[in-house]
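Spelled out from the first residue to the last, the chains are:
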Amino acid sequence: MNAQNKSGLLARAANRARVHHEYLGWFLGRYAEAEEQTDQDLADYLGASMSDFYRLFLCLRPRRGSFSSDVQQIANKFGLDAGDLARVVRYVEALEGMKDERVVDIPGEAGLLMAARARKNKPGTSAGRKKHDNRPKS
Amino acid sequence: MAETGDAQQLLVLHKRLLEGDRVASEELAGLVLERLVSDLGRKFPHTDSHVICDGVTDAVLDYCARPVSFDSSRGVPLDRFLAKAAWRNIANLLRSERRRKAREDKSVEYFEQKVVELQPSAGNPLQNEALAQQDQVAELMQTLENPVDKKVFELRMLGERRTEEFARVMGISHLPLVEQRSEVKRAKDRIEKLLKRHKASRP
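Respectively, the protein sequence lines represent chains A and B.
Residues 1 to 138 in the working numbering are what the first sequence spells out, letter by letter.
Residues 139 to 341 in the working numbering are what the second sequence spells out, letter by letter.
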């Protein structure tokens, strides 16, 4: 396999990493999408060559418990500014957090609606409207 | 299979992954992707290279995200473990691809039966009727608001079957073939539904 094929393979693998949320590629992909940036724009922002940029996609995401050291490890490997990389990851985390909140809101509203809905009578009980229904029977 | 040196290197990377190293996945991918794609390409000689590449990449990404899935004490080398996982992925992709194609052929057959009367090329002897049918096709085209849907419909009416042609007009040629197919299928289904709905709403 020649160098061109190898870089093509790397780009394709990086593209695949966009849908694996355990990878930095997932974050970079979402960031580029949210900010309407091309891969080249984002690579420029991070100060990475395109080849390093795609290799970056294949790194595992920083963990919550060791965020700073994880980001630092990745940044050191590719000679990037850890602050810029951390900002990208935090930005996407914040976006995803907002999405989660919206999802949580919906069941909350459903709960209110359910609370306002009249309960059905159990079979055999004569409660509710029927009890007070004074309309003439046909 | 890996040389002894590579096997050692893979084991070191495996340990680093278990310890939570964030960049070991990238190093491991760089070490095995090319060789696995080439090996699996030989095992699936008539398969689209993109399918091979996706199957291999998924196997590597899945393993690196969950390195505990590989048990080094079982005596199976890591590269063989990855090759097996990639083989399974490719076989699954091919199986789902066959199922998708069968479904699509069935749906195209159904669609063609439904619209054959609208095709002037059906050899209708009555010129007026042919013109009326052309109008109907034009009317159906009018119901599609999305210009991409129109292009997809147009291609379909011309008898186009190739996914890459649909992908080109939909502007998704950059996506992996499997994703292209599912996007194209989704677009065709959506259009079919719109046309059915339009037909049903006509007096």
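Incorrect hints may have been included.
As the list claims (entries may be wrong) - Ranges of calculated distance between the beta carbons of each label pair, as one might list FRET restraints: (1) B:273 / A:22: 29 to 39 Å; (2) A:50 / B:337: 48 to 58 Å; (3) B:273 / A:96: 22 to 32 Å; (4) B:247 / A:95: 15 to 25 Å; (5) A:22 / B:292: 14 to 24 Å; (6) A:33 / B:238: 47 to 57 Å; (7) B:236 / A:68: 19 to 29 Å; (8) B:337 / A:81: 55 to 65 Å; (9) A:66 / B:336: 20 to 30 Å; (10) A:83 / B:157: 54 to 64 Å; (11) A:83 / B:246: 45 to 55 Å; (12) A:98 / B:337: 35 to 45 Å; (13) B:183 / A:81: 41 to 51 Å.
Claimed, not checked - Part of the chain A face toward chain B, derived, beta carbon under 8 Å: (14) 17; (15) 18; (16) 35; (17) 37; (18) 58; (19) 60; (20) 63; (21) 67.
I should point out that these hints are in silico values taken from the structure, not numbers from a laboratory.
Glycine residues also receive a C-beta, built at the ideal position from the N, C-alpha and C atoms.
Of the numbered hints stated previously, which ones are contradicted by the structure, given in increasing order? 1, 3, 4, 5, 6, 7, 9, 10, 15, 16, 17 and 21
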